[in-house]
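Using the sequences plus the hints, can you model the full thing?
Residue numbers (UniProt numbering), protein chains in the order written: chain U, 1 to 255; chain Z, 1 to 255; chain F, 1 to 255; chain A, 1 to 255.
By construction, these hints were calculated from the structure, which means they are not laboratory data. Note that the structure is predicted; figures quoted are calculated from it, not measured. Honestly, I wouldn't trust all of these hints.
As the list claims (entries may be wrong) - Computed spacing ranges between beta-carbons, pair by pair:
hint: 1; chain 1: A; residue 1: N211; chain 2: U; residue 2: N202; range: 47 to 55 Å
hint: 2; chain 1: F; residue 1: N211; chain 2: U; residue 2: N202; range: 19 to 27 Å
hint: 3; chain 1: F; residue 1: D104; chain 2: U; residue 2: K4; range: 49 to 57 Å
hint: 4; chain 1: U; residue 1: S59; chain 2: A; residue 2: L255; range: 37 to 45 Å
hint: 5; chain 1: Z; residue 1: S205; chain 2: F; residue 2: K180; range: 18 to 26 Å
Quick reminder that beta carbons are idealized off the backbone N, C-alpha and C, glycines included.
Spelled out from the first residue to the last, the chains are:
Protein chains: 4
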Amino acid sequence: MYIKGNTFIVTGGGSGLGLSTAQELLKLEANVIDLKNTEESFYKGREKNFLFIQADITSEKEITKAIQQVIEKFGKNIRGVINCGGIGGVGKTVGSNGMPLDLDLFKFVVNVNLIGTFNVCRLVAAQMVKQKPLEEGERGVIINVSSIAYQDGQMGQVSYSASKGGIASMTLPMTRDLSKFGIRVVTVAPGPFETPMISHLNERSKQKILNQTEFPARPGKSDGEFNKLVIHLIENTYMNGEIIRIDGGIRLGKL
Amino acid sequence: MYIKGNTFIVTGGGSGLGLSTAQELLKLEANVIDLKNTEESFYKGREKNFLFIQADITSEKEITKAIQQVIEKFGKNIRGVINCGGIGGVGKTVGSNGMPLDLDLFKFVVNVNLIGTFNVCRLVAAQMVKQKPLEEGERGVIINVSSIAYQDGQMGQVSYSASKGGIASMTLPMTRDLSKFGIRVVTVAPGPFETPMISHLNERSKQKILNQTEFPARPGKSDGEFNKLVIHLIENTYMNGEIIRIDGGIRLGKL
Amino acid sequence: MYIKGNTFIVTGGGSGLGLSTAQELLKLEANVIDLKNTEESFYKGREKNFLFIQADITSEKEITKAIQQVIEKFGKNIRGVINCGGIGGVGKTVGSNGMPLDLDLFKFVVNVNLIGTFNVCRLVAAQMVKQKPLEEGERGVIINVSSIAYQDGQMGQVSYSASKGGIASMTLPMTRDLSKFGIRVVTVAPGPFETPMISHLNERSKQKILNQTEFPARPGKSDGEFNKLVIHLIENTYMNGEIIRIDGGIRLGKL
Amino acid sequence: MYIKGNTFIVTGGGSGLGLSTAQELLKLEANVIDLKNTEESFYKGREKNFLFIQADITSEKEITKAIQQVIEKFGKNIRGVINCGGIGGVGKTVGSNGMPLDLDLFKFVVNVNLIGTFNVCRLVAAQMVKQKPLEEGERGVIINVSSIAYQDGQMGQVSYSASKGGIASMTLPMTRDLSKFGIRVVTVAPGPFETPMISHLNERSKQKILNQTEFPARPGKSDGEFNKLVIHLIENTYMNGEIIRIDGGIRLGKL
Ligand SMILES: NC(=O)c1ccc[n+]([C@@H]2O[C@H](COP(=O)([O-])OP(=O)(O)OC[C@H]3O[C@@H](n4cnc5c(N)ncnc54)[C@H](O)[C@@H]3O)[C@@H](O)[C@H]2O)c1
Ligand SMILES: NC(=O)c1ccc[n+]([C@@H]2O[C@H](COP(=O)([O-])OP(=O)(O)OC[C@H]3O[C@@H](n4cnc5c(N)ncnc54)[C@H](O)[C@@H]3O)[C@@H](O)[C@H]2O)c1
Ligand SMILES: NC(=O)c1ccc[n+]([C@@H]2O[C@H](COP(=O)([O-])OP(=O)(O)OC[C@H]3O[C@@H](n4cnc5c(N)ncnc54)[C@H](O)[C@@H]3O)[C@@H](O)[C@H]2O)c1
Ligand SMILES: NC(=O)c1ccc[n+]([C@@H]2O[C@H](COP(=O)([O-])OP(=O)(O)OC[C@H]3O[C@@H](n4cnc5c(N)ncnc54)[C@H](O)[C@@H]3O)[C@@H](O)[C@H]2O)c1
Numbered sequence: 001m002y003i004k005g006n007t008f009i010v011t012g013g014g015s016g017l018g019l020s021t022a023q024e025l026l027k028l029e030a031n032v033i034d035l036k037n038t039e040e041s042f043y044k045g046r047e048k049n050f051l052f053i054q055a056d057i058t059s060e061k062e063i064t065k066a067i068q069q070v071i072e073k074f075g076k077n078i079r080g081v082i083n084c085g086g087i088g089g090v091g092k093t094v095g096s097n098g099m100p101l102d103l104d105l106f107k108f109v110v111n112v113n114l115i116g117t118f119n120v121c122r123l124v125a126a127q128m129v130k131q132k133p134l135e136e137g138e139r140g141v142i143i144n145v146s147s148i149a150y151q152d153g154q155m156g157q158v159s160y161s162a163s164k165g166g167i168a169s170m171t172l173p174m175t176r177d178l179s180k181f182g183i184r185v186v187t188v189a190p191g192p193f194e195t196p197m198i199s200h201l202n203e204r205s206k207q208k209i210l211n212q213t214e215f216p217a218r219p220g221k222s223d224g225e226f227n228k229l230v231i232h233l234i235e236n237t238y239m240n241g242e243i244i245r246i247d248g249g250i251r252l253g254k255l
Numbered sequence: 001m002y003i004k005g006n007t008f009i010v011t012g013g014g015s016g017l018g019l020s021t022a023q024e025l026l027k028l029e030a031n032v033i034d035l036k037n038t039e040e041s042f043y044k045g046r047e048k049n050f051l052f053i054q055a056d057i058t059s060e061k062e063i064t065k066a067i068q069q070v071i072e073k074f075g076k077n078i079r080g081v082i083n084c085g086g087i088g089g090v091g092k093t094v095g096s097n098g099m100p101l102d103l104d105l106f107k108f109v110v111n112v113n114l115i116g117t118f119n120v121c122r123l124v125a126a127q128m129v130k131q132k133p134l135e136e137g138e139r140g141v142i143i144n145v146s147s148i149a150y151q152d153g154q155m156g157q158v159s160y161s162a163s164k165g166g167i168a169s170m171t172l173p174m175t176r177d178l179s180k181f182g183i184r185v186v187t188v189a190p191g192p193f194e195t196p197m198i199s200h201l202n203e204r205s206k207q208k209i210l211n212q213t214e215f216p217a218r219p220g221k222s223d224g225e226f227n228k229l230v231i232h233l234i235e236n237t238y239m240n241g242e243i244i245r246i247d248g249g250i251r252l253g254k255l
Numbered sequence: 001m002y003i004k005g006n007t008f009i010v011t012g013g014g015s016g017l018g019l020s021t022a023q024e025l026l027k028l029e030a031n032v033i034d035l036k037n038t039e040e041s042f043y044k045g046r047e048k049n050f051l052f053i054q055a056d057i058t059s060e061k062e063i064t065k066a067i068q069q070v071i072e073k074f075g076k077n078i079r080g081v082i083n084c085g086g087i088g089g090v091g092k093t094v095g096s097n098g099m100p101l102d103l104d105l106f107k108f109v110v111n112v113n114l115i116g117t118f119n120v121c122r123l124v125a126a127q128m129v130k131q132k133p134l135e136e137g138e139r140g141v142i143i144n145v146s147s148i149a150y151q152d153g154q155m156g157q158v159s160y161s162a163s164k165g166g167i168a169s170m171t172l173p174m175t176r177d178l179s180k181f182g183i184r185v186v187t188v189a190p191g192p193f194e195t196p197m198i199s200h201l202n203e204r205s206k207q208k209i210l211n212q213t214e215f216p217a218r219p220g221k222s223d224g225e226f227n228k229l230v231i232h233l234i235e236n237t238y239m240n241g242e243i244i245r246i247d248g249g250i251r252l253g254k255l
Numbered sequence: 001m002y003i004k005g006n007t008f009i010v011t012g013g014g015s016g017l018g019l020s021t022a023q024e025l026l027k028l029e030a031n032v033i034d035l036k037n038t039e040e041s042f043y044k045g046r047e048k049n050f051l052f053i054q055a056d057i058t059s060e061k062e063i064t065k066a067i068q069q070v071i072e073k074f075g076k077n078i079r080g081v082i083n084c085g086g087i088g089g090v091g092k093t094v095g096s097n098g099m100p101l102d103l104d105l106f107k108f109v110v111n112v113n114l115i116g117t118f119n120v121c122r123l124v125a126a127q128m129v130k131q132k133p134l135e136e137g138e139r140g141v142i143i144n145v146s147s148i149a150y151q152d153g154q155m156g157q158v159s160y161s162a163s164k165g166g167i168a169s170m171t172l173p174m175t176r177d178l179s180k181f182g183i184r185v186v187t188v189a190p191g192p193f194e195t196p197m198i199s200h201l202n203e204r205s206k207q208k209i210l211n212q213t214e215f216p217a218r219p220g221k222s223d224g225e226f227n228k229l230v231i232h233l234i235e236n237t238y239m240n241g242e243i244i245r246i247d248g249g250i251r252l253g254k255l
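This is the structure:
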């Protein structure tokens, strides 16, 4: 799919992986929507091709309304959504004090990462279905963001891994649901990237993870690595139904 | 781990895979608890080693209470939980009518299968932690039930696959959380088994699936195949952190 | 499949994983053949149900002849083969001295582990095809031994991982080739087990690996863990086409 | 890694996936070497940035000599190798006539695809090690070509799947071997692409495969899809140790 002139929604587009992705799409002359739950916007002066919408990905109402706003501004031309909106969440199944993990924490992480991602997918896809197909009948592309934690989940990551495993496993059935409409679905599973999310980790945990890197021996770059992969996945029509790790060769054993 | 004389909770133990598992555990002279959300019980006359508790796996309160009841009857000796409680749930991301999947369906399936399973895991594990270790320091074993749909999700299975992918991906971090307490975690991912769940499928869907079987060309047997695998996984101390398909060689392509 | 009275070939049955498997099969009153390339035999006094054959798994001639010997002694009743015959092989793609790995080392490891395993499979399967089917049309079962190195290959394991990845990936097509004859194929991927193979490792490497174990914090037991899994896989007719890790929860990151 | 001005070897660069890759690299102003075992060359008039070398990837001598020729023409500047050289190979473990697969066929496929690929990797990597590092210490990138048959191997693909599984599984240990030299390793696992290799399939087999495609419902394009992915993988420094399917969402069930 060509990027120029088309409209792409980036959830969590105001920071980290989403921000770099949104910026790269803007460079390539797409219309870009940053859709997130907090207020400030990083795109001052971009008003022509850019729209910031405050909306919670878990909310049917807010996302439905957001899609309408997008169409009002850019027309019936939503061709992609990149689901970078998400949260971390640390806690062991049973803590050192013998207490079980707070169920609400688990629910919260699954709700935002898995249910929120699915909510955006289904609503954006239903809009894409109504739009005219492009070349070869392609109508749109969905890029979801899982994590290497779907395969290499660490101690304390049970909630996060569960949510990211859900995202990974829905890739194929969603592909199968949406193929007849010409909508592709690809999931990216990043290793450690230097973003606000990872900078919340304490130094020791971060160092332990970085000790496991191969080449290059550093976290990934949102700008130049993550976002370039996303651009490639949007452009390459034969990438469909895949789950792709981008992790500099890291495999997290016991830390 | 030895089975005889130990106490095992089977969620969904009143039908299908759970029923066969509970029966096999009874044969091996374990204490068995069937924990499910409906009323009737299949274990008349088994009162000595058997307990039926009506409880919803998604409820903190009901599962906490259930664990207390188990301990009152059988002592502080809960050594295993087999999470067979779960539900199906069919619906495409975007239906033929162009409508997005009902978000509540997705939430419901994820809530029962993923959050419910995790809820039982964390509460049972916290109880196991308090109990005296057995040989080699082993305190217990958790067997979760995913599905081949975590890898081979079909059209219409996006909710189910998401929930089962969450279960699969939490296997490793849960193993890592619980190892120091001597608790193992293994996930079984069954292919088609002849149970109430699969008998809800219409004939055409069922036939399409069975056309994909290799040898033997039939659904799996709850009694003799699924339950024997579970018994093996309880007994074999080196099985930990694994995800195991049992599917007669089926890989579900596009049906 | 029932074990008692049936005939099973165990390659590499004279040591390590193969030895324990052969011994367990003998306990269960099977006829057992230890097929290996070295001379001494551990089964003195077992002559009734046991046969030792010196044969190289990579040799068409020697394995063909071995199968004939088996049939002469036990009749047309070969129901299983467990391919434990294999070798290690350490060396980096490019060594610290800048030299490329000796191609002959790579070839040797691939030849024994992958080609040797396949050679035995195809010849034994061709014999099974000629035999009368058992219950449900089952004619036999092939258990191949890969390694967790097919997924977690370490520095220096490129040859070994290549050979074990070949074994893992041929599981499914071999299952599909042999299903119509009622022959199942399952691959076991062991983590570290205390056998002659692993005792060749230096203490430091061994310790690094064992530091990565979860519960139990020790190598696996050939007798009681590996061999019991094999017995289960022989008996459980719905296990077909699977690749099963048995590793105590280990995932080998960067050591 | 930047492409312009650097030197890349493409094995099998004279047809199919390799040809498109070589052509794209030439467009991006790289020096390109087509290294294959047959004679004709498709690059007439490209003499400045292009070199054709007839060499068998399985031969230590021929590849060693080829690397010397490359250096003589383009200098010590080999920055990448894309291993497209490979062959098909069809045959069941046991044929319909009851005969086992010819061992030489299995050996031949494994020898070219797996051992040949490794041979080129080790020799090219040893050359890269001697060269000056680029930005961030990067010295080179190896792109190997597996196939979706490493996971979805069909009836009749046991040899091919074994060879491609070997390639997939050596990705990680080779990454770990070469990281300290700043050399990355990535494996691409293509689904069906319209190349000479696939055009050898009979119409019925081809149709069966294409019936399994999702969107787009056609084979992949060497030019525009496969080669663009390769370019991306060369350029994206954080892609290391990955195995990437490019298959339009196909998952091959039982055909
Ligand atoms: N950074 C890493 O190392 C890493 C690794 C693997 C996966 N990921 C994943 O990548 C994604 C992006 O992460 P990041 O590192 O850029 O983190 P980030 O915290 O910078 O970005 C997450 C964004 O999601 C938004 N968000 C959170 N909840 C939301 C909600 N309910 N509704 C709308 N927006 C919401 C936040 O406002 C924020 O902009 C996440 O899904 C994360 O799990 C990150
Ligand atoms: N049958 C198959 O082919 C198949 C295949 C793959 C996976 N599975 C999985 O195996 C598990 C068992 O399935 P089954 O085929 O035996 O189906 P089943 O419907 O016979 O059993 C499911 C059981 O779960 C119980 N349950 C459902 N919701 C519950 C709740 N909220 N609280 C407590 N109990 C609850 C039900 O009462 C029932 O006893 C399920 O998780 C299912 O997804 C089944
Ligand atoms: N021990 C472990 O930790 C471990 C881990 C993963 C996988 N494995 C695999 O398990 C299998 C058994 O290993 P083990 O640990 O018991 O080692 P082992 O060295 O004790 O056994 C290997 C056996 O294979 C036989 N053998 C080797 N080459 C042969 C040939 N050409 N023809 C016939 N027989 C031959 C040897 O005689 C020996 O009996 C091997 O394939 C090994 O790669 C072992
Ligand atoms: N085309 C597909 O659908 C497809 C799918 C999956 C994987 N692949 C893989 O992609 C790679 C390229 O395949 P293709 O479709 O372009 O096929 P192709 O037959 O057009 O190209 C293969 C090339 O390899 C060369 N080659 C073969 N043996 C060689 C040897 N010993 N030494 C040097 N060169 C040798 C041939 O000369 C030819 O140029 C192969 O490894 C193939 O297995 C192809």
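If you check the beta carbons of F:N211 and U:N202, does the distance land in 19 to 27 Å? holds (22 Å)
Can the suggested window of 49 to 57 Å be confirmed for the beta-carbon pair F:D104 and U:K4? holds (54 Å)
For the range 37 to 45 Å, tell me whether the beta carbons of U:S59 and A:L255 fit it or not. holds (44 Å)
Honestly, do Z:S205 and F:K180 meet the 18 to 26 Å range at C-beta? Check passed, 24 Å falls within 18 to 26 Å.
Beta-carbon spacing of A:N211 to U:N202 - inside the hinted bounds 47 to 55 Å or not: The hinted range 47 to 55 Å holds for A:N211 and U:N202, with Cβ atoms some 52 Å apart.
Consistency with the previously given hints is maintained throughout, with no hint failing.
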